[in-house]
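Engineer: Chains as they are written, first to last, in our numbering: chain A, 1 to 464; chain B, 1 to 453.
Think of the hints as simulated: they come from the structure by calculation, not from any bench. Model, not experiment: these values are computed from the prediction. Treat the hints with care, since some could be wrong.
What the hints assert, rightly or not - Capping the alpha-carbon separation at 35 angstroms, the derived lysine-lysine pairs in DSBU-like fashion look like this:
#1 B:42 to A:94
#2 B:225 to A:225
#3 A:38 to B:100
#4 B:370 to A:231
#5 B:303 to A:38
#6 B:303 to A:439
#7 A:359 to B:225
#8 A:181 to B:267
#9 B:142 to A:314
#10 B:42 to A:439
#11 A:439 to B:219
#12 B:309 to A:181
#13 B:225 to A:231
#14 A:181 to B:303
#15 A:225 to A:38
#16 A:439 to B:225
#17 A:38 to A:439
#18 A:272 to A:304
#19 B:142 to A:92
#20 B:42 to B:143
#21 A:439 to B:143
#22 B:42 to A:314
#23 A:314 to B:219
#24 A:108 to A:14
#25 A:231 to B:143
#26 A:38 to B:63
Stated by the list, open to error - Sample of chain B residues facing chain A (criterion: CB under 10 angstroms; computed from the structure):
#27 95
#28 229
#29 378
#30 388
#31 409
#32 413
#33 450
To be verified - Simulated restraints on C-beta separations:
#34 A:119 to B:106: 34 to 42 angstroms
#35 A:132 to B:105: 36 to 44 angstroms
#36 A:200 to B:326: 41 to 49 angstroms
Quick reminder that beta carbons are idealized off the backbone N, C-alpha and C, glycines included.
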Amino acid sequence: MEDLASRTIDHAMKSGAEFADLRLESSQGTNIVVMDGKTKTVTAQLSSGCGVRAFIDGAWGFAVTNDISQSSLSAAAESAVKMARVAKDRAKVKFKISPVKAVRAVEKYRCGTAPSDVTMEDKVSLASSLDRSMRSTDPRISSTNARYDDFEGERIVANSFETLVRTRETWVLAACSAWAKSDGVIQRGHDAVGMVGGYELMRTEDTLSLGTNAAAQALRLLDSKPAPAGKFVCVLDNKMTGLLAHEAFGHACEADAVLAGASVLEGRVGQKVACDEVTLADDPSIEASFGFFSHDWEGVKADKHVLIEDGILKGYLHNLESSSRMGTQPSGSSRAQTYGSPPIIRMSNTFIAPGDWKKDELLEDTKEGLLIQGSQYGYVEPSKGQFMFKCDEAYVIRHGEIGERYRDASLSGVILEVLNNVTGVADDFMVGDPGYCGKGGQSARTSDGGPHLRVADVVVGGLV
Amino acid sequence: MADLQYLSALAERAVSIATRAGADKCDVVAADTNTISVDLEKGSVKQANIFSDPGVGVRAFAKGASGFAVCTGFDEAAVSRAAAMAVSLARAGTPDKDFKDLPVSSQVTPLPGLYEPSVVGIGPEEVVAMVIEMSDIAGDHKKITSANSSAAVSVCHVALANSNGFSSAQRMTSVDLVVESVARDGEAMFSGYDGTSGRRLEQGAIERVSGKARDQAIKGLVQTKLETGDYAIIMDPLAAGFVLGNAIGGGLNADSVQRGRSFLAGKLGHVIGSPAVSVYDDPTIEWASGSTSFDGEGTPAAKSLLVDKGRLASYLYDSYTAGKELRGSTGNSSRGGSVWSYRHPPSISTTNLVVSPGDSSFDEMVRETKSGAYVRATFDYPNLATGEFSGLMMESYVIRNGELGPAIRQSTMGIGIVDMLSRVDMVGKDTHEYFGVHTPPFRISSARIAGSG
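Please take these sequences and the hints and turn them into a complete structure.
Structural biologist: Structure, rendered in structure tokens:
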């Protein structure tokens, strides 16, 4: 496989590329969905292919083949060069890809039990037992959904700087959703675990308790009210702090958005963008997290990147192109969903660092506000400077006491204001809420987290 | 690209292999898709891509349980392995008496407007020319600091066969355009977005979407804040398309309804909207991105009335959910949108969701709104269990005394979907398509807005 990769890169260079790289992959995956006591789908994916990228004078060409024979790979290399030529003829911004030191590595991510060593029957049995655990919780649980995903893949990243990184990657994910019904009211609860690693995660208490957690949330929400609308002081739990870090700042720190002139953080490195207590980082090196990787999809060693330190914007997330154009080093933030997608700048594990407040003291110190719990999803338009993130549930805080419960609501903020409105950072740090982040039509496994965080002037999209 | 005859023969052979391996029922999709796409960043062509994605997806049933396996490429041995694996996966599942059957063999009438030969001839140079033209128009204002555009042109050949003797194939083309303009004025920054998708490049589409993105970016530079309160809201087709596509597409999914997970469960025949609201699903619209001659299981395309003058008329069915109710499928089993994918099992989805137009112009709706907001874009999902919608007004404008004002900064809107549909009191006459939803703008008489003012 390595020889195949090297010959393909050579062919792209001989065909006229100034720089070329590829991702040659072979993978298998499983997806099992159990609904209401029966399997809905049992799916297996066997996939192999290669994406070749060629760069000429400020423009990229990218070509994909599902056939990993030398002739097909050479044809893909030629197509990539041809596409780059077409693009560069109309590229107004000219630049070069700055050479980086060649990386030669063979990586095998930690994996106790390979999912392929577990029978399909055992995996179905696991998903079925998660499904059963929800339904056995309470007769008001009216419908259930348990999901199991695994992935095992071998990826070779090679480029014309003589980088050649071979990575064996395994990840697993399990998720539960429960619907509770009472007096005509339906509510949904959910929980998920995921990590880069093996099937051993499925035998942990975190996994085994997914069903009861999801069911408990759905039941809790049965007597909840719609959230009030307006501007509130909000205390965010660990998951919502993570979602805030990801949506409010992470995306706006992606250097491709900056280069496209589509981030409000353009030109603000070195400036104060948050209160002094806020430090925010993206760290792919956290082992056993869902966002872990050791080298990125351009073969660059991945390390922790502090994006905001003590309130000051320190830098952006980079790939080979953005670092070349902005005169800095690549940060190992380039990722591709599969060989079929060109790599783009992505986050990994994104979090706000812990502060000094005790969580309980932070709540006691809050005269009036909302405690916001559990993250659903969020999105941002860095060019508008606005973002939203949706919680699972919320609670009134009055004079430090937790009061009545509200259900899910959208929270919105302004990128350049929200972290200046932070009035307390707790010390109860936690990273690990797994999810998939979408960007440019690609999905990437990520996680996020942080401590409890108090933020003033958050707009809550309630119904009353 | 593989021709339809080859793909059909391949799909039929895979059906035979899966049946011989013990599948009670099975269906196979063989697809070959070629895509050329080009991205332009800040006025400069950035990347040109060419994708070829041939592959086969096999779904097998054993005692009602389904297994699904895919292989990339058309290698006969790999297809045989996928067929055998699908059967093995089905056997690992739990028996399901609710599965009745796949669609029986039927005559499919090929629809016009799925395949535009001129799209097949579009090469990378032509796609580059498209994004440049988009960028030139989208960036044509002194306050526009960045124009980013992308275009994708796809040709898809697909064949579907099942163990009931169904076998059919079709060719589809697709053209997608997306453009964003970013405007700055001092410290103020705003962006405008627009896009279109269809089975051919419509006359004037490039000028329309690029001009729209540019104009919206400029309009959004002047901003105001809104006090929290109840306001009339005019939903643009962009915002309405995203919300209704998820609320109606998801809420009417018969699987969710049958499991009691949808806020629209038990509401068939009930009033869920004002008499001004009629909605249907129509896979037969010429050149629309969701059109198809047959659905992902082989049910022939047919129009379905979903909401009839405010009354819920039908849910969206595939063969499994239809079998559960001993009724026919509505043909809403999907293998993807404008181009089909072999990589995932079919799932229930709308094809082209259509909201019937009314007789108001947009200007009339604004003129008759004393205090309200025009919401152009939101990308939030309703809670399908409760039917409640709480979402960011990503791009919105204040309406005061019948006049459109500045963009609203940092606001959210909250309303139940049934309340939203029931409070529709004006429906526009001009329909636009976004996200597969063809809808005019419409006015909601009152919704809660949380403002930052």
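Engineer: Let's test the interface hint: is any C-beta of chain A closer than 10 angstroms to that of residue 229 (chain B)?
Structural biologist: 8 angstroms, holds
Engineer: Starting from residue 439 (chain A), check that the Cα of residue 143 (chain B) is at most 35 angstroms away, please.
Structural biologist: 27 angstroms, holds
Engineer: So does residue 132 (chain A) sit 36 to 44 angstroms from residue 105 (chain B), Cβ to Cβ?
Structural biologist: About 39 angstroms separates the Cβ atoms of residue 132 (chain A) and residue 105 (chain B), which means 36 to 44 angstroms holds.
Engineer: Does residue 143 (chain B) lie within 35 angstroms of residue 42 (chain B) when you go C-alpha to C-alpha?
Structural biologist: 14 angstroms, holds
Engineer: So if I understand the rule, the pair passes when the alpha-carbon distance is 35 angstroms or less; does residue 225 (chain A) with residue 38 (chain A) pass?
Structural biologist: Satisfied, since the Cα-Cα distance of roughly 32 angstroms is no more than 35 angstroms.
Engineer: With a cut-off of 10 angstroms, does the beta carbon of residue 378 (chain B) approach a beta carbon of chain A closely enough for the hint to hold?
Structural biologist: 9 angstroms, holds
Engineer: Given the hint that residue 38 (chain A) pairs with residue 439 (chain A), does the C-alpha gap stay at or below 35 angstroms?
Structural biologist: Roughly 33 angstroms separates the two Cα atoms, so the pair holds.
Engineer: Below or equal to 35 angstroms on CA atoms is what counts here, so check residue 314 (chain A) against residue 219 (chain B).
Structural biologist: Given pair residue 314 (chain A), residue 219 (chain B) holds - Cα atoms ~32 angstroms apart, limit 35 angstroms.
Engineer: Are residue 181 (chain A) and residue 303 (chain B) close enough, with their CA atoms no more than 35 angstroms apart?
Structural biologist: 33 angstroms, holds
Engineer: Please work out if residue 439 (chain A) and residue 225 (chain B) have their alpha carbons no farther apart than 35 angstroms.
Structural biologist: Holds, at about 29 angstroms.
Engineer: Can the restraint linking residue 42 (chain B) and residue 439 (chain A) be considered satisfied, given a maximum Cα separation of 35 angstroms?
Structural biologist: 18 angstroms, holds
Engineer: Is the straight-line distance between the alpha-carbon of residue 303 (chain B) and that of residue 38 (chain A) 35 angstroms or less?
Structural biologist: 32 angstroms, holds
Every hint from the earlier list agrees with this structure, and none is contradicted.
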